[in-house]
Structures are given as structure tokens and as C-alpha cells.
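Peer 1: Each chain is listed here by its residues.
Number of protein chains: 2
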Amino acid sequence: MSRRTRSRQEWEVCASTLARKTTNLIRRIVENLQVEPNPNKELIALSIGDPTTFGNLNPPEQVLQAVRDSIELNTSRGYAPSKGHYEARVAVAKYSAHQGNVHPDDVILSSGCSHAIEMVITALADCGQNVLIPRPGFSIYQTLAEGMGIVIKHYNLLPDEQWKVDLDDLESQIDDDTVAIVVINPSNPCGSVYDKDHLNEILDIASRNRVPIIADEIYEHFIFSGNKFTAISSLSQDVPVLTCGGLTKRFLVPGWRMGWVIIHDRNNILGKEIRQGLSNLSMKILGPNTLIQRALPAILEYTPQSFFDDVLLFIEDQAKLAFEELRHAPGLRPIMPQGAMYMMIEIKLSNFPEFSNEFEFIECMVSEQSVFCLPGTCFDYPNFMRIVLTIPEDKMREACQRIVLFCKEHVVFSEKRKDIEED
Amino acid sequence: MSRRTRSRQEWEVCASTLARKTTNLIRRIVENLQVEPNPNKELIALSIGDPTTFGNLNPPEQVLQAVRDSIELNTSRGYAPSKGHYEARVAVAKYSAHQGNVHPDDVILSSGCSHAIEMVITALADCGQNVLIPRPGFSIYQTLAEGMGIVIKHYNLLPDEQWKVDLDDLESQIDDDTVAIVVINPSNPCGSVYDKDHLNEILDIASRNRVPIIADEIYEHFIFSGNKFTAISSLSQDVPVLTCGGLTKRFLVPGWRMGWVIIHDRNNILGKEIRQGLSNLSMKILGPNTLIQRALPAILEYTPQSFFDDVLLFIEDQAKLAFEELRHAPGLRPIMPQGAMYMMIEIKLSNFPEFSNEFEFIECMVSEQSVFCLPGTCFDYPNFMRIVLTIPEDKMREACQRIVLFCKEHVVFSEKRKDIEED
Ligand SMILES: Cc1ncc(COP(=O)(O)O)c(C=O)c1O
Ligand SMILES: Cc1ncc(COP(=O)(O)O)c(C=O)c1O
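Chains as they are written, first to last, in the working numbering: chain R, 1 to 423; chain D, 1 to 423.
Please note that the accuracy of each hint is not assured.
Since the list gives no way to pick out one identical chain from another, each pair is judged satisfied if it fits inside one copy or across any two copies.
[Claimed, not checked] Mimicking DMTMM-like on lysine to aspartate or glutamate, the simulated pairs with C-alpha atoms at most 20 Å apart in a straight line are:
#, residue 1, residue 2
1, Lys21, Asp126
2, Lys395, Glu324
3, Lys272, Glu12
4, Lys272, Glu10
5, Lys272, Glu31
Hints were generated in silico from the structure; no laboratory data involved.
Nothing here was measured: the structure is a model prediction, and the numbers come from that model.
Bound-form chain R, shown alone:
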């Protein structure tokens, strides 16, 4: 008794543009690699950005106790306001005082830092508008933006200047459709940490072009000795800064999905509109898990400094170890990081004529040495690879030695190559 039937007579269900265009660059690349390890050597994955994978890094007892306590509260089960429980936002504001004057109303809790980034990008950008991200840079930005028709443009970092921003390039990328500049500091994948002067240079460009900044500071406080972390928001005079952070890395609980956006807007440029917009967007999934929200004040207050110091010391030691080892790998150039938990390594492909790109180098290294590094192309940066610094020391040493061996076996120096070419 159909009153009308659709013109479509066959079943045909198509995915939306959003669903089709939402992709994960890292996964897409890794899935297409031939990574069959050498069966005689245990695989060492230097690719995994989850610091808890190897079992050597665990959250401190105080963090676990805070959640144990939270379970017993009958206020940890009901819906929270979609921006988060007030007490939790107070705690984040206090914890983030180094970023500038943070009020609980400036804080919106999110389901991990990824969700924080999603909210700020989609609050600012309409389809066709663009966001500038660093190259090399973490690929979640593409995952979150491109399906929405938001354009991701890149500005270059300078590997020879400890991955500082190429300021001219940054400014040249800004156009009338640019709604935000993303600054990832400390950086994934570079491990760079910017000093005040450099952050001020970036702010100057944002200010004279009237572009807000999205500060991805999920690695805040992961700073190796001799460097200092400065939140870009604390320096800003006029530029609105939306800072994205969370528990993920510093507290070693990525699976708990607890992140936040902090709105820094001294001159009230974002006004009601962006605040309201972020608040609207938070209503979509009604905030992060309330067990963790209720634990947040204790987590942020009672985690001892010694825990952070120990983790950081370990990572810095790993960085030094890897750097020392890999400096002796012919044909590679490791770039010593200043923070975070990664190191970028240049593969001088001219010294490895049998490989036409970094993928082939990496694939061959897995098949011979069972060591897997992430191709630089995952960060839009070919001819490099990224290693993580969070794996146990013995594995790190072993992995580096295998990398050195692999390079020695495959490197071809110019004279040698000349010989080959003359053959």
C-alpha cells in the first residue's frame, strides 16, 4: 500500500563524503607496507606512539588511587554537564595556571586531546576554509579536518634549526580563508621545544594577520634538560589561543580519553560566538567519562613531581642513547630532540642507492633486522623516519645496534658508488 515509491529500485547504500574522506594517514601507510620481520630476530617496534605498550611506563599509584576513590562516589556515574563537571574544570584551570590566567569557564573537557582538537577546528572552520599545520606534523589534523571539507595547509619546519618554524613560509601560507595556525609544541614527531623568542615570532605573524592559534600542548612539560617549556598562550598579547591538552601522555593513560580545550582570549576577540560554538559542539557526545572527571582534581593535585621527573629522565636518557648509537650509523642523521618522546632521523637516500624511497629502506630493515620505524611520509616528510623513545632501554640499545648494522650493510659511499656507476 505504498503511497509513493522511491525512484531507487535496487538497494544501494553509499557512505557519506565525511565517512569516506576521514582517513588516518599513518594507518593507511603502515597497512600498505611489506613488514614481514626476520623470523630469527624478535621484532622491535619503534613505531608505536603509545607509551604504555611496552609495560615499562605506568601511571603513578596516586592516579590509580584517584580513580579507585572515584568509583565509590555515587556522583561519578550520572551525566555531567557536556563541558564537564565544574570541579574538574576548576582543577584543570588550576593545573594550567602557567598558561596564563585560566578560569574554569575557559575550560571544556573532551574525550582525549583528539576530541579537543576536533572541537576547536570544527568550531573555527567551515568547509573550504583552511588550517595551517606544521610539516612534519602529526596527522590527526588531516583525519579530523579533511572529511569536513576543511583544508589542511602546511608550513615548513627547519630540520637544521632544531625544527623551528620557517617563518617566511608560515606567513606566505596565510590567506583570507585561514582560520587558525596550529603550533605543536613540544612536537610530535620532531621532539622540538620552542623558546620564548621563537614563540613570540610566531605570535607576531598571527597577530599582524589576525589569525587565532591552536596550541597543541599535549606534550607540555616533556622537556629535556637545558630547555624550558613556555605555553604560547602565556606570551600572547592579542592573539586568541585555543590550547588543547590532556592526561594522555604525561600521566600515561592514553586509553582513558581525558583531554581539554582551554580558551585564552585576553582581548575578548573570540567573544560569545566561539565560546558558545565550542559549548554547542560539546553537546554532541556529552563529555568524557565521569569516573575520570571525578578523579581529575586528585590526579592533577596529588601526582608527585618525582613521578614526572622519573619518566622524563628515562625518556631523555633514551634520547641520548639512541642519538649516540645512531650517530654512528652511516647514511643516517638523527636529530637530537629537546622534548616529547620521539626522534626524527634523516635517511640519506643518496647513500642507499638500492632504495628509491624511505619506504623501501624501512621495509628492508624490518625483513632483515626486525626493527620497524615509522616512515616520515606519515608526517608529510619523506626521507625521514621517526622512532619512539619510550621503549625499554635494552630494546632500544638492541634496536639501535641493528639499525647501525643494517646501514653498514647497505650504505654506499660516493667513491664506492662512483665505482659501481663506472662499472
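Based on these hints, arrange chain D with the ligands on the given structure of chain R.
Peer 2: This is chain D with the ligands only, laid out in the frame that chain R set:
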């Protein structure tokens, strides 16, 4: 040293269309109401859909224990695959066997049922396409769709036939841009539960018009005596059904944000495209909290039937109590629900000539009797109000008595009104 400056010389930061158009109908309406309770009477909020608010309904000990155990696992802190840990998806598949033949690969975990709904809607619908939802119906669908430019169209439910679907109206709403029919069973706000015959009638329409179904079954198993719950997916021959569910209501943990999508697609109509699309979308926020994911197998397996029975008995008793009391409220027509945790009550405004709409009725009832019910307009259904059935019995009784009193004080019967009119 600007290489180029934008044409924009003043700071002006606008929110995106998405951010502006993402709104919460309930909140918007409630914020605009004048709800100043009578200072001499304690406010009783019959409006709050969070069953944990009143403290009388708590998750069972087994659920809390499962999370306590999960905290101690060092696998409950790292990133999960974005569709969820395999073991958790196995548990959901097993728990959902009544829905049809569910394989773990058919399960995608989400951050609450809202997030499940967001993923299925945005996987199916492009800007300009439409999704059909019931009227009266829960407003999260507007919140999730309208900002994306996805159109929400309504089909009517029939209050005189226990809120069955007006099948003619449903079919007449389908057009070439319709990508899904949403069936909310049991229903928020109606409390209706559809039998097999009626679900088959809905499936027939979906089948001959080639429209997939989104089954919102967050209230599955909340079924009062004499009724039976059937998952619409279990009846479908050809129509693909995307079922959205979660722990939220049945386990009394809405704040934990644990939901799921289950893909039912016997004839493989959704194919790779929709599965891949959902999987892509799940990468945006990397799945729900892993503490709960790790606890999920124990939660779903060990929660005793007696817990569910007790909660359900309580809610059904409340429904009977409210129905009995409010049947005697002149000018009201409560409609006895068959499940879920709500009751809809018609306000016969012709008997309340001093109020020109249900808002005025509700506002006045708050100011005189300190009882607050949710206006039907929150569900696109004027002249009704919704009450929750989860508040403690003594409050429910008191609230109903006050409602009856309010009606007696304000009702005007036809003869009386005739008198007034003739004055
Ligand atoms: C630079 C950067 N931003 C954001 C994220 C996402 O963090 P989360 O896991 O809290 O979503 C990561 C995770 O690796 C990251 O490296
Ligand atoms: C019909 C319906 N669907 C979905 C939801 C959202 O559930 P969750 O809190 O798990 O996101 C609700 C919440 O009240 C609901 O009533």
C-alpha cells in the same frame, strides 16, 4: 616583514556553521522558561532523564567490581583500536545475540549511545540528505544532524494507538534523499514498546523503499509486564539495520559514556563502504574509555538478572502509581507506557483557557506547586508534557498529588467555560 597581509585588518573570528547550528532543543526550551518554584514547596523535577540523579537507582555491585578490577590491569590504560578492544566487542556481540547473529566485527564501540548515533548518521547522510525520526522523539537527532546540514524529517506516532507509527505518514515522508529511518524502541519520550507485527510493518516500508533503519534501542529490555521486547534487527530479512545501544540506561551509568553500534546486514547491502565509513569515523576520537572497555566483558556477563528485574519492577510500579494518580487530574490524559522510563501526558488546553500553550501551564505549575515537567515541544509535540518514572516513590506520589491539585484549581469544564464565554 610580512610577505603578504590578509585583507582583514580587524580581528574578527566567526564560529563555523556547524558550531552555530549544533543546538540542544531541550536545553534551549528549558532555558527560556520562567521556572521560579514556589519557595514554600520543595522543587520536584520530573524532567531529568538521568536515572542516577535522585540517588535511589545505582549500578549493581558487579558493575563497580568489574571496573575496580579493570583499574589494576595494565592493559586498561593504553590506546585501544579505535573500534574498541576485541574482547569488549566479543562481549557486546554475545550480549546482543537476541538482535540476530552478531559477530565481533559487526560491533563498534562508542562514547555513549549519542556517539553511536552520530557515527551512523554521519556515515549515511551527506549535507542535504535526510533522516526520518519519530514525532514525538528524542532531540539528540537534531543536535547531531542539523549542524552538518543533514535534514531531520518527522513521521508521526499515534497517541491513541499506544504511540504506534502512523505508517502512511512514515511512507509519505520518504523521498529520494532519505538515507535512514530511525526507530526508537522502547521510546523516549513515549515509553511505547512495539510488537513483532508492528515492527514488521515498519520493515516492510523500509524494504520496499530501500531505506536502511537506525534502531535506537538504548532502552532495550526496559519492558513492563505483558509486553515483549523484539529487536527490529532480528526480524529484518533484507533491510540493513544499524542498532545503537549502550550501558547508559540499563546499567545506570550514563556518565561512563559506553555505547556501541551493531551492524546487521544479512544480505551484505552495506558492503565494505559503510563498514569502512564507520570504522573511519571511529578514528576521530579513538574510541571510548578503556577502563570501561576492559570491564565490559564482566559487566555484561556477571550483572545478575535480579538487578534488572528490581529496577524494572520499580519503574513499572512508578508508572502505575503516576498513571493512577494522574487519571484523576481533570484536564490531563496520561498515556500508560509499556516500557522505558517516561510517561507522556496530554494537557487538554481547552480545559485550561488561562494558558495559551503547554509552556504557560508548566510555568504556572512550577510557580505554584514546584513541580517541573518537560514540555512536549522538547520532543516536537506541543500540548503534552513528559515525566520521568525514576524518582523515589514518595516524591512521585507527592508530585502527582500536586499536579492533580494544580489541575483542579485551574481546570474549566465546558459548561463553566460556556458561562465564562457568555459573561
Ligand atoms: C601532537 C599530538 N596531538 C594530539 C594527540 C592526541 O592525543 P589523545 O590521545 O589525547 O587524543 C597526539 C597523540 O599522539 C599527539 O601526538
Ligand atoms: C532515545 C535515546 N537515545 C539515545 C540517548 C543517548 O544515550 P547516551 O547517554 O548513551 O549517549 C538517549 C538518552 O537519553 C535516549 O533517550
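Peer 1: Each hint needs a verdict: does it hold in this structure or not?
Peer 2: Here is how each hint holds up against the structure:
no., hint, result
1, Lys21 - Asp126, "both (16 Å within a copy, 12 Å between copies)"
2, Lys395 - Glu324, "within (15 Å within a copy, 71 Å between copies)"
3, Lys272 - Glu12, "between (43 Å within a copy, 12 Å between copies)"
4, Lys272 - Glu10, "between (48 Å within a copy, 17 Å between copies)"
5, Lys272 - Glu31, "between (44 Å within a copy, 17 Å between copies)"
Figure legend: structure checked against the earlier numbered hints; every hint is met.
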